[in-house]
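Chemist: These protein sequence lines are chains F and U, in that order. Going letter by letter, the first sequence gives residues 1 to 214 in my numbering. Going letter by letter, the second sequence gives residues 215 to 331 in my numbering.
Since the hints were derived computationally from the structure, they do not count as laboratory data. You can trust all of the hints, since none of them are fake.
Each computed SDA-like pair below joins lysine to any residue, with the alpha-carbon atoms no more than 20 Å apart: (1) F:K53 to U:A222; (2) F:K133 to F:L116; (3) F:K133 to F:R189; (4) F:K53 to U:P220; (5) F:K13 to U:A244; (6) F:K44 to F:S186; (7) F:K44 to F:G181; (8) F:K13 to U:V237; (9) F:K44 to F:R190; (10) F:K133 to F:S119; (11) F:K13 to U:L238; (12) F:K13 to U:E241; (13) F:K53 to U:R219; (14) F:K133 to F:H59; (15) F:K44 to F:H59; (16) F:K53 to U:R221; (17) F:K44 to F:I172; (18) F:K84 to F:W16; (19) F:K129 to F:G181; (20) F:K84 to F:T154; (21) F:K13 to U:F235; (22) F:K53 to F:F120; (23) F:K13 to U:F240; (24) F:K133 to F:L118; (25) F:K84 to F:G74; (26) F:K53 to U:V224; (27) F:K53 to F:W131; (28) F:K84 to F:L11; (29) F:K13 to U:V236; (30) F:K13 to U:L234; (31) F:K13 to U:T248; (32) F:K13 to U:T239; (33) F:K44 to F:A173; (34) F:K13 to U:S247; (35) F:K129 to F:R194; (36) F:K13 to U:S245; (37) F:K13 to U:V232.
Keep in mind the model is a prediction, meaning the values are calculated, not measured.
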Amino acid sequence: MIALASVSGVLSKYGWWIVSRSSGIVAFVLITISVLIGLTMAGKPVRDPRFTKNMRAVHEQTALAGLVAIAVHGLAIFLDPWLKPGVAGVTVPFALGVHTFWTGLGVIAGYLAMLLGLSFYLRRQIGAKLWRKAHRATIAVYVLGLFHALGAGTDTGSLLFLCFAAATAVPIAILFVYRLGATRRSSERRHAARRARVREAGRAAYERAVYDTA
Amino acid sequence: MTTPRPRAVVIGSLSLFVVLFVVLTFELSASASTSAGKAKANAKARPAPAETKTETAPEVEEEVPGEYAEPEEPGAEYVEPETEYIEPEPEYAEPEPEYEYIEPEVEEAPPVVTGSS
Numbered sequence: 001m002i003a004l005a006s007v008s009g010v011l012s013k014y015g016w017w018i019v020s021r022s023s024g025i026v027a028f029v030l031i032t033i034s035v036l037i038g039l040t041m042a043g044k045p046v047r048d049p050r051f052t053k054n055m056r057a058v059h060e061q062t063a064l065a066g067l068v069a070i071a072v073h074g075l076a077i078f079l080d081p082w083l084k085p086g087v088a089g090v091t092v093p094f095a096l097g098v099h100t101f102w103t104g105l106g107v108i109a110g111y112l113a114m115l116l117g118l119s120f121y122l123r124r125q126i127g128a129k130l131w132r133k134a135h136r137a138t139i140a141v142y143v144l145g146l147f148h149a150l151g152a153g154t155d156t157g158s159l160l161f162l163c164f165a166a167a168t169a170v171p172i173a174i175l176f177v178y179r180l181g182a183t184r185r186s187s188e189r190r191h192a193a194r195r196a197r198v199r200e201a202g203r204a205a206y207e208r209a210v211y212d213t214a
Numbered sequence: 215m216t217t218p219r220p221r222a223v224v225i226g227s228l229s230l231f232v233v234l235f236v237v238l239t240f241e242l243s244a245s246a247s248t249s250a251g252k253a254k255a256n257a258k259a260r261p262a263p264a265e266t267k268t269e270t271a272p273e274v275e276e277e278v279p280g281e282y283a284e285p286e287e288p289g290a291e292y293v294e295p296e297t298e299y300i301e302p303e304p305e306y307a308e309p310e311p312e313y314e315y316i317e318p319e320v321e322e323a324p325p326v327v328t329g330s331s
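Can you build the whole structure from these sequences, using the hints too?
Modeler: Right under this line is the structure:
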């Protein structure tokens, strides 16, 4: 009975704060998984179209679930009776009086996640090429979220969280560097192919001109 | 191989949320029940607010006896703001009298000679 009373007391006093902590961790985990899958897919490790389709589905689902978790995280902070951040504290970066810099990074990460995540459904309107370029900036959501968690998070000192962050940050960094290299290699290949085409066309035109004059 | 359903991600996320919620709740209630953990729990729970937080007056919460205690080492101790009181210099100056008192001159009247000789 005493334990139950203690739990109910904690919930009445710190309920929204516990919700914000839990949803923040869930959001970070989901965004991390989504970014990890996205970077892995970009490297095209497996050419099987079914595997790619499944990976894309999980990538999309985790990203959407992450967006919902971010929204719950923001709502719980807004409803925290101790913090009383107001609308500006939750929606305007660097407006919250507690951990101002780190929470500001979190607000920016939230906006970026919404913008870049939901732009997937507008890629026909904005153009696939532009969308693909913008979608590469999603790594910024992960980096800002990581710094936000480490700077403002209450549970980021726990060994479990640090292990998860380290275990995912290292492969994400490696995959990101690999992707940058792959993009450069692909761009070089495209340029070389274009140069070869131009050279071929020039040679053909020259041969045609020689043939016509002969 | 079938396409994974969104339900799996939703169930997984919700499960993680519920587990974290329960663990954090019990962790807080356990640390609040021990006297040593009370201060730690409160200090961990509520970091000292920055300057902008002081704009709103802090609410006085009713304490349930034997449930929560204020932190032994409060993070944000109210310090009386040091204000220097400067005595305002009186600008009012006593007006100096512009008039001078002039002793009225008394004309000397010629002596009246009376009497018979």
